[in-house]
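One line per chain: the protein sequences are D and C, in this order. Throughout the first sequence, residue numbering follows this note's numbering, covering 1 to 181 in sequence. Throughout the second sequence, residue numbering follows this note's numbering, covering 1 to 202 in sequence.
Accuracy of the hints is not assured; some may be wrong.
Here are the simulated DMTMM-like pairs of lysine to aspartate or glutamate, each with C-alpha atoms no more than 25 Å apart in a straight line [unchecked claim]:
hint, chain 1, residue 1, chain 2, residue 2
1, C, K79, D, E178
2, D, K161, C, E51
3, D, K169, C, E30
4, C, K54, D, E8
5, D, K161, C, E19
6, D, K60, D, D116
7, C, K79, D, D48
8, D, K176, C, E51
9, D, K56, D, E8
10, D, K60, C, E68
11, D, K87, D, D48
12, C, K54, D, D116
13, D, K161, C, E68
14, C, K79, C, E68
15, C, K70, D, E8
16, C, K79, D, E52
Residues from chain D that keep clear of chain C, each with C-beta distances beyond 12 Å, as calculated [what the hints assert, rightly or not]:
hint, residue
17, E2
18, N4
19, R30
20, F33
21, P90
22, A109
23, R151
24, D154
Simulated from the structure, these hints should not be mistaken for lab results. Glycine residues also receive a C-beta, built at the ideal position from the N, C-alpha and C atoms.
The residues making up each chain are set out below.
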Amino acid sequence: MEQNQEKEWVARARRGDRGAVACLVDRYEREIFTYLFRMTRNVEDARDLTQEVFIKVFRKISGFRGDSGFRTWLYRVATNHALNFLKRRPPAASDVPLTYLSDPALSAAVALERRDMASHVTRAVQALPRRQKAVVVLRVQEGLTYAEIARVLDCSVGNCKAAYHNAVKRLREILKNEAIL
Amino acid sequence: MKPSCETFQDLIIAVSQGEPIEEGERKALEIHLRACPECRAFQRDLPGILEGIKEDSPPSLPEGFFEEMKASILGELAKRRSSSPWRRAVKALFGRFEGRGILVPALSGLCGLLVGMALATAWMRTPSSPASVRSSANRLAAVSLESLPVNDSTVCLGVVEDYMGVSEFFDALSDQDIQALTSDLSGDFPDPDQEEMGSETG
């Protein structure tokens, strides 16, 4: 049902319907902003990149054939923007704010321990090579399938899996070297 | 680390991701884990690492952050769209063909037709009459358009828009305006036909 509605919005957006464009921005701006924040670790940079991504997508929407879903296409444009941005400016350690979900059911000690671990893992993710980092964020945090990540990064599913496995091994290595594990 | 540990750690990650593995691989992994403390540690550490990645949430943002961002995106898009009424008209006419690989041939055909019409009209008109000046202007515009690379929709839209703009300009001029224009020009650029006649008579 939602997918049909989205297809309808995309079709209307292609014909220049501003209402449909607004609906699509509404649906995806938080998700894309969060993804770009996880990639850049900076609110201002993530906001600027999100705006650029949406403007680019809707300027080019007439060329969107719908072979992959609109969401995957959005992630593809966002990932290209993020990778280019990180090439110019890798995130500094100070860019990593320590804001983590707190589960009210957890005891204070366990919650603290988990927050501590999460902050170390987040820092370790920032140390990964750009494409490995994108694969980890897309897979674990954004919940994309390997097939979707392959379309986003324009590579094979096998390459995506290999990049993910290498990234996870590398993360463990970093955390072990820092005596976190 | 034993040479085979790399392979078994890949299997541990695959299992954690719910990827299907063969029964033989599952059994081999079980046997390996019993004998290898390094891979057991890897299997133990993995959930903590993945949980750590998942727990990373976006920062707390000021109220109205996303509404502001949406308004900014829509404002920027509207600015670009309202650039020209002609662009919108052409888009409305041909927008449905975009992305199907026929927009460029269709607009190229239209440009070709306009060029043909302009040339045919020019040949049929008497030189120096106001109508001839209009058709010459059309021809000039069309020939200029022909030299442009018509390889994407943006260029096509611009081409048609520019062509229409030139045509409209000349259509808006009265016959007297055009005669005044041509008489001014004739002083600088003598008509070759007149020159020939002059030399014969002279």
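So, going through the hints one by one against the coordinates:
{"no.": "1", "hint": "K79/C with E178/D", "result": "51 Å, violated"}
{"no.": "2", "hint": "K161/D with E51/C", "result": "19 Å, holds"}
{"no.": "3", "hint": "K169/D with E30/C", "result": "20 Å, holds"}
{"no.": "4", "hint": "K54/C with E8/D", "result": "32 Å, violated"}
{"no.": "5", "hint": "K161/D with E19/C", "result": "10 Å, holds"}
{"no.": "6", "hint": "K60/D with D116/D", "result": "43 Å, violated"}
{"no.": "7", "hint": "K79/C with D48/D", "result": "18 Å, holds"}
{"no.": "8", "hint": "K176/D with E51/C", "result": "16 Å, holds"}
{"no.": "9", "hint": "K56/D with E8/D", "result": "20 Å, holds"}
{"no.": "10", "hint": "K60/D with E68/C", "result": "23 Å, holds"}
{"no.": "11", "hint": "K87/D with D48/D", "result": "16 Å, holds"}
{"no.": "12", "hint": "K54/C with D116/D", "result": "13 Å, holds"}
{"no.": "13", "hint": "K161/D with E68/C", "result": "38 Å, violated"}
{"no.": "14", "hint": "K79/C with E68/C", "result": "16 Å, holds"}
{"no.": "15", "hint": "K70/C with E8/D", "result": "20 Å, holds"}
{"no.": "16", "hint": "K79/C with E52/D", "result": "14 Å, holds"}
{"no.": "17", "hint": "E2", "result": "19 Å, holds"}
{"no.": "18", "hint": "N4", "result": "20 Å, holds"}
{"no.": "19", "hint": "R30", "result": "6 Å, violated"}
{"no.": "20", "hint": "F33", "result": "7 Å, violated"}
{"no.": "21", "hint": "P90", "result": "18 Å, holds"}
{"no.": "22", "hint": "A109", "result": "16 Å, holds"}
{"no.": "23", "hint": "R151", "result": "18 Å, holds"}
{"no.": "24", "hint": "D154", "result": "20 Å, holds"}
Comparing the model with each numbered hint stated earlier shows that hints 1, 4, 6, 13, 19, 20 do not hold.
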